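Trainee: Residue-level listing of the chains:
There are 2 protein chains.
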Amino acid sequence: MPLVNGKASTQISLNNRGLHYGDGLFETIKIDNGQPLRWQQHMRRLQAGSERLGFTPVDTNLLRDEALQLCTNEQHAVLKIIITRGAAKRGYRPSQGLPCTRILELHPLHPYPAHYFTQGVALRWCTTRLGCNPLLAGLKHLNRLEQVMARDEWYEADIFEGIMQDINGHVIEGTMSNLFIVRESQLLTPDLSACGVAGVVREQVLQIAQRLAIPLSVTTVTVQDLLRADELFITNALIGLLPVRKLEETLYPSASDAQSLTRRIANAMNCE
Amino acid sequence: MPLVNGKASTQISLNNRGLHYGDGLFETIKIDNGQPLRWQQHMRRLQAGSERLGFTPVDTNLLRDEALQLCTNEQHAVLKIIITRGAAKRGYRPSQGLPCTRILELHPLHPYPAHYFTQGVALRWCTTRLGCNPLLAGLKHLNRLEQVMARDEWYEADIFEGIMQDINGHVIEGTMSNLFIVRESQLLTPDLSACGVAGVVREQVLQIAQRLAIPLSVTTVTVQDLLRADELFITNALIGLLPVRKLEETLYPSASDAQSLTRRIANAMNCE
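Those protein sequence lines, which keep their order, are chains A and P.
When we follow my numbering, the leftmost residue of the first sequence carries the number 1, and every step to the right adds one.
When we follow my numbering, the leftmost residue of the second sequence carries the number 1001, and every step to the right adds one.
In short, the hints are calculated from the structure, not lab data.
Any given hint could turn out to be false.
Label-pair distances were calculated between CB atoms; the ranges are [stated by the list, open to error]:
id, chain 1, residue 1, chain 2, residue 2, range
1, P, N1005, A, E156, 41 to 49 Å
2, A, P253, P, N1005, 46 to 54 Å
3, P, Q1186, A, L227, 43 to 51 Å
4, P, R1052, A, M269, 33 to 41 Å
5, A, M1, P, E1248, 25 to 33 Å
6, A, Q207, P, V1223, 26 to 34 Å
7, A, E184, P, S1009, 58 to 66 Å
8, A, G169, P, A1114, 30 to 38 Å
9, A, M269, P, E1051, 17 to 25 Å
As the structure is a prediction and not an experimental result, all values here were calculated from the model.
Ideal Cβ positions, reconstructed from N, Cα and C, are used throughout, including at glycine.
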């Protein structure tokens, strides 16, 4: 059963600010053999977000205890942690010094077919755009209506992910993943200073690229950049890294080559 | 006690999409002598929002029954109605055809001092900006982190409201109210096609202005427009209409004149 502030519960108080305003943050964490993967990275992002939103600091040791309590006997699972600014009276103004609400829940991890990793996945364009606001950019907060609307655009099971542009037409990310482009042996990924979610695996890829001395640019990305790319791949905490086989009519046959940069980075990630 | 899907409850299921994604809408309704004010207007906005977000349609007759059940014996109160896309499995994609969750809760209405209405209120500028996204503009949805951050900028009790600009520097609204400007006997209010909440009292003011043949413009509003205004006033469902006495160092002495346009519109509103 999920834990709410350490107690087993399937419900939350109606006056929680997470419900009223999306006033909270979340992390989606892969559990492997009872252990949460990339725990430190998830906690760093949660703490950074919590600081930017002015939350009472989160006790990550307590979160760790609660996470292990839920996950110990889980071979493979998804742990979702939600931190909200707690309960409150009516009105936008946050109360000062109130403790945050901690919600931890386990979900089944549905393993992806092996060919997703060897042959890549198919993507589409979303028409739903991301609004820009540097204040909230990068955070994995609970204001996710744009992603909900984007994910509602397709129901074809063979389309794994949809790519979103911001309202200026810049390519930013997938609805639930970050995006990387390989062109002429260089790695590009969209700048997330105006919108988007800065994923923990995205961060890991940036570090791997640096370590492997792969030329890397975090930059403005256009639709043309994707159409002219040699390889594309996407990342998130559950999939790790997935090569892209096609984006609508554009094919990326080399993304799954043994010699591809995508493969090199995926291999380096698997060795960490 | 609040009603969740018609049943008395102070809790909501942890898997509600309102909590996870802010995937919902709300209305804040003034209760006077057991009756919800501007009920039709609130329901029209809720239905329009629900349609834009692709929700299963809301049964407004049922909502009305539940609202009256809560409010019948209330002299003055605030009724908050939250409609979410219901409960769901993990993931952004909405399930099709699932009923929405209805939450109705009563809050005390703290009456404002009479001098707010006669002499006006003081405003400040917020540094928190509103992101732009036509997809969500105008809706009273549950993604309200920008308002939370803006409302957290001041704690002085004598500042009633903060005015927000969008990321392009256009003046849009208050954290919890809409904004009107009077200049040379003309009425201006910010265009909300890229961001902002289209309030029900804002709508009422637009209709009153039309009926009284007051020249009216729904347009791009700049900081300069506010500094050069003859009168300012703000509106929302709880305050109705409040004249603005000052915005930081700028004074608006004529807003509370008996001859002011602000007063004419307020009087017309009180007669409806």
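Trainee: Of all the hints given earlier, name the ones this structure violates by number, lowest first.
Mentor: Failing hints, ascending: 1, 5, 6, 8, 9.
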